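Using the sequences and the accompanying hints, generate a full structural model.
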Amino acid sequence: MIAFGTSIAEPEAYHRYSRPGIRLAAEADSEVYAFAAVASICRSYNLLLDAAAKRDDLEALAVVHPHTEIVDPQFCAKVREAMRDPEVGVVGCAGASGVHSIAWWEGAVTAAPIVQRYPEFGGGDLPAFDWAQPAAPPAEVDTVAGLLLVLSPWVVRNVRFDEALRMNHGYDLDFCRQVRTGGRKAVVADLRVVNHQSVELVKDINLWIEAHMQLAEKWDTRPADWKQRARRAEAEREAARAVTHANSLAAGARIAALERVVSEVTDSRSWRATRPLRELNRLRQRRRSA
Amino acid sequence: MIAFGAAITKPDVYRRCAEPGLLRAAEPGSAIYAMEGLDSVFRSYNALLDRAAEQADLEALVLVHQDAEILDADVCAKVREALRDPDVGVIGCVGALDVRSIAWWEGSVALASFVHRYDEHGGGDLAAFSFTWADAPPYARTGEVDTVDGFLLALSPWVVRNVRFDESLGRLHGYDFDFCLQVRDAGRKVVTADIRAIHHHSLELVSEPEEWVEAHMRVAEKWDGRIAGVGTAPGDWKARARRAEAERDAVRLRDHSNQLEAAARIQELERILDEATHSISWRMTAPFRRLARAR
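Residue numbers (this note's numbering), protein chains in the order written: chain L, 1 to 290; chain H, 1001 to 1295.
Keep in mind that the hints were calculated from the coordinates and are not lab data.
Watch out, some of these pointers could steer you wrong.
Straight-line Cα separation of at most 20 Å, SDA-like style, residue types lysine to any residue; simulated pairs [claimed, not checked]:
(1) Lys218/L - Gly1235/H
(2) Lys218/L - Leu207/L
(3) Lys1222/H - Asp1185/H
(4) Lys227/L - Glu1261/H
(5) Lys1222/H - Arg229/L
(6) Lys227/L - Ala1239/H
(7) Lys1189/H - Ile1227/H
(8) Lys1238/H - Asn206/L
(9) Lys1078/H - Ser1030/H
(10) Lys227/L - Lys1222/H
(11) Lys1238/H - Asp225/L
(12) Lys1010/H - His1200/H
(13) Lys203/L - Arg1161/H
(14) Lys218/L - Glu200/L
(15) Lys227/L - Glu1221/H
(16) Lys203/L - Arg1226/H
(17) Lys1078/H - Glu1036/H
(18) Lys218/L - Lys1238/H
(19) Lys227/L - Trp1133/H
(20) Lys203/L - Asn1258/H
(21) Lys218/L - Trp1237/H
(22) Lys227/L - His1200/H
(23) Lys203/L - Arg1252/H
(24) Lys1238/H - Ser101/L
(25) Lys227/L - Glu1214/H
(26) Lys227/L - Thr1232/H
(27) Lys1238/H - Trp226/L
(28) Lys203/L - Ala1262/H
(29) Lys227/L - Asp1224/H
(30) Lys227/L - Gly1229/H
(31) Lys227/L - Ile1008/H
(32) Lys227/L - Gly1225/H
(33) Lys1189/H - Glu1214/H
(34) Lys227/L - Tyr1014/H
These figures come from a predicted structure and were not determined experimentally.
Following this line, the structure appears as structure tokens:
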């Protein structure tokens, strides 16, 4: 039996995104664990694992982020296919190898064709992780993204999210590292989902920075020339700021050029002269749809 | 005599950008050293300093990038005015306070009297904050700063004869900040003056990030402990490394976020444009627009 679990912090997101996806993907005998969120993501997810661990017939537990909508009718078949390898512990829809920090997307990314659906600017879809130029799955990776974590029965019974990580960032990387330390694999499979997320990827960047440092302290035990590392990182940080600024300038210039073209159309005499016709047409359409 | 100098690696760029500005700014007696660029900015500028240093009547040497165009015809008067203070060694039109690395723009920028003119996306101008005084923010002011941007540097005769760009630092980056630190270390001042210019530059600000990173590290190592704030940060080396690595990745994440936001805005504009140009009214009125264009 493939079970599904989701932790509900925002009921609306559950109703709109994760629940329809789970309904699409679940099989007749699938158990669905939809629990209210407690304290942190790690503690909430452990609750899901504890519940699923009690099932003797568990084939896998799909932990679905509340903003993730599964849109793959073949979901369970694909999960079983990925789990045919008994060493697989975690299956995701996106992930990366060569990962050194919670910024896993700085590694070599593999991702299914995930859609990022954003509400800003009238709403729209963009290919998720496009900026990381992802390779197509399948692939074994260091970590998978927390959007969707499909866990093997062994993992459900033997690994837990680290509740000492209280900042809700990097829990996916930490969990995958534990799984891999336990001798199991993390893989990306072609699992289709829509990620309903703002274009603002992280709301509180300072919290994310703290989480980055906390995870680094936990896992990065390599001996290092700390002075050299500090010098390099401080330089790279400022180079990254300059690159970010330049990218913003370039994006701003492209948007300004496009706004000019739009203005040329919408400020033209012919566009203004035909406005009553368009308004009439809209009114007619509204009446028809009413 | 106020001399002018430029190191030229792209003659067409020099002719289009720097040369008109130099001809505008130079006085009848001014020397203009339009020199072929050597393998580094540091070396090229030192060669220009060596040439200017030979001039017994030198009042100042103004160095401009080949893509920098001086707009003011009265630059010489402004340079002379700034050099009335005998302690002034370097004058620029963009400068900042509390600068701690070659990323001088991370400091408190006090003056930025230039326009960034780019060619991409149909071209355009980005006026820096004090290009037009009427629109300038309250912190815009001329006067003493920690460093100035190297695209325009006016140097006193003492500096021309006694300070050199440090060729051990690299080829391209950080030469301006290091030079200003040397000048300040020697007891002279770095100041900004109300000189206006156009910097004809791509929107890509750091073309070779790895080289920039190396220069940043060398300059930090060189000045750590010698000039307050440069090359230092709170915490031991391990804590500094951890924090900087996290902040670096956070900046990159912000960049991805910005790119997504831009892509979403572009998608919205394209949708508006598509809806407009495919509407019946737009298609109906196409003959009128064609007629208007023909006239």
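Verification of the supplied hints:
1. Proposed proximity of Lys218/L and Gly1235/H is supported: the alpha carbons are some 19 Å apart, at most 20 Å.
2. For a cut-off of 20 Å, the pair hint linking Lys218/L to Leu207/L stands: about 17 Å separates their Cα positions.
3. Of the pairs offered as hints, the one joining Lys1222/H and Asp1185/H holds, with about 13 Å between alpha carbons and a cut-off of 20 Å not exceeded.
4. A distance of roughly 36 Å separates the Cα atoms of Lys227/L and Glu1261/H; the hinted pair therefore is violated under the 20 Å criterion.
5. Proposed proximity of Lys1222/H and Arg229/L is supported: the alpha carbons are some 17 Å apart, at most 20 Å.
6. Distance restraint check for Lys227/L and Ala1239/H: the Cα-Cα separation of roughly 10 Å lies within the 20 Å cut-off, and the hinted pair is therefore satisfied.
7. Proximity of Lys1189/H to Ile1227/H is assessed by CA-CA distance (about 14 Å); at most 20 Å being required, the pair is judged to hold.
8. Taking the CA atoms of Lys1238/H and Asn206/L, the gap is near 19 Å; set against the 20 Å cutoff, the hint holds.
9. For a cut-off of 20 Å, the pair hint linking Lys1078/H to Ser1030/H stands: about 15 Å separates their Cα positions.
10. For the suggested pair Lys227/L and Lys1222/H, the alpha carbons sit about 14 Å apart, so the restraint of at most 20 Å is met.
11. Note on Lys1238/H and Asp225/L: the hinted pairing holds, with a Cα-Cα distance of about 9 Å set against a maximum of 20 Å.
12. For the hint linking Lys1010/H to His1200/H, the alpha-carbon distance of about 13 Å falls within 20 Å, and the restraint holds.
13. Our distance criterion of 20 Å between C-alpha atoms is broken by Lys203/L and Arg1161/H, whose separation comes to about 53 Å.
14. A hinted pair counts as satisfied when its Cα atoms are at most 20 Å apart, and Lys218/L with Glu200/L does not qualify at roughly 28 Å.
15. Distance restraint check for Lys227/L and Glu1221/H: the Cα-Cα separation of roughly 10 Å lies within the 20 Å cut-off, and the hinted pair is therefore satisfied.
16. Only pairs whose Cα atoms come within 20 Å are accepted, and Lys203/L paired with Arg1226/H is rejected, the gap being roughly 39 Å.
17. Among the hinted pairs, Lys1078/H with Glu1036/H is inconsistent with the structure: their alpha-carbon atoms are about 28 Å apart, more than 20 Å.
18. Of the supplied pair hints, the one linking Lys218/L and Lys1238/H holds, its CA atoms being roughly 14 Å apart against a limit of 20 Å.
19. Proximity of Lys227/L to Trp1133/H is assessed by CA-CA distance (about 44 Å); at most 20 Å being required, the pair is judged violated.
20. For the given pair, Lys203/L sits about 13 Å from Asn1258/H by alpha-carbon distance, which is consistent with the 20 Å threshold.
21. Pair hint Lys218/L plus Trp1237/H holds up; C-alpha atoms about 18 Å apart against a cutoff of 20 Å.
22. At roughly 38 Å between alpha-carbon atoms, Lys227/L and His1200/H are farther apart than 20 Å, so this suggested pair is violated.
23. With a C-alpha separation of about 14 Å, the suggested pairing of Lys203/L with Arg1252/H holds against the 20 Å cut-off.
24. For the hint pairing Lys1238/H with Ser101/L, the CA-to-CA distance comes to about 16 Å; that is within 20 Å, so the pair holds.
25. Annotation: proposed proximity of Lys227/L to Glu1214/H holds, straight-line Cα distance about 14 Å (limit 20 Å).
26. Distance check on the hinted pair: Lys227/L and Thr1232/H sit about 11 Å apart at the alpha-carbon level, within 20 Å; holds.
27. A C-alpha spacing of about 5 Å is found between Lys1238/H and Trp226/L, which places the hinted pair at or below 20 Å, so the restraint holds.
28. This hinted pair checks out: Lys203/L and Ala1262/H have alpha carbons roughly 17 Å apart, not beyond 20 Å.
29. Proposed proximity of Lys227/L and Asp1224/H is supported: the alpha carbons are some 12 Å apart, at most 20 Å.
30. Straight-line distance between C-alpha atoms of Lys227/L and Gly1229/H comes to about 17 Å, which keeps the hinted pair within the 20 Å bound.
31. A threshold of 20 Å between alpha carbons decides the hint, and for Lys227/L with Ile1008/H the separation of about 38 Å lies outside it, so the pair is violated.
32. Note on Lys227/L and Gly1225/H: the hinted pairing holds, with a Cα-Cα distance of about 15 Å set against a maximum of 20 Å.
33. For the given pair, Lys1189/H sits about 27 Å from Glu1214/H by alpha-carbon distance, which is inconsistent with the 20 Å threshold.
34. With a C-alpha separation of about 42 Å, the suggested pair Lys227/L and Tyr1014/H falls outside the 20 Å cut-off, and the hint is violated.
Comparing the model with each earlier hint shows violations of hints 4, 13, 14, 16, 17, 19, 22, 31, 33, 34; every other hint is respected.
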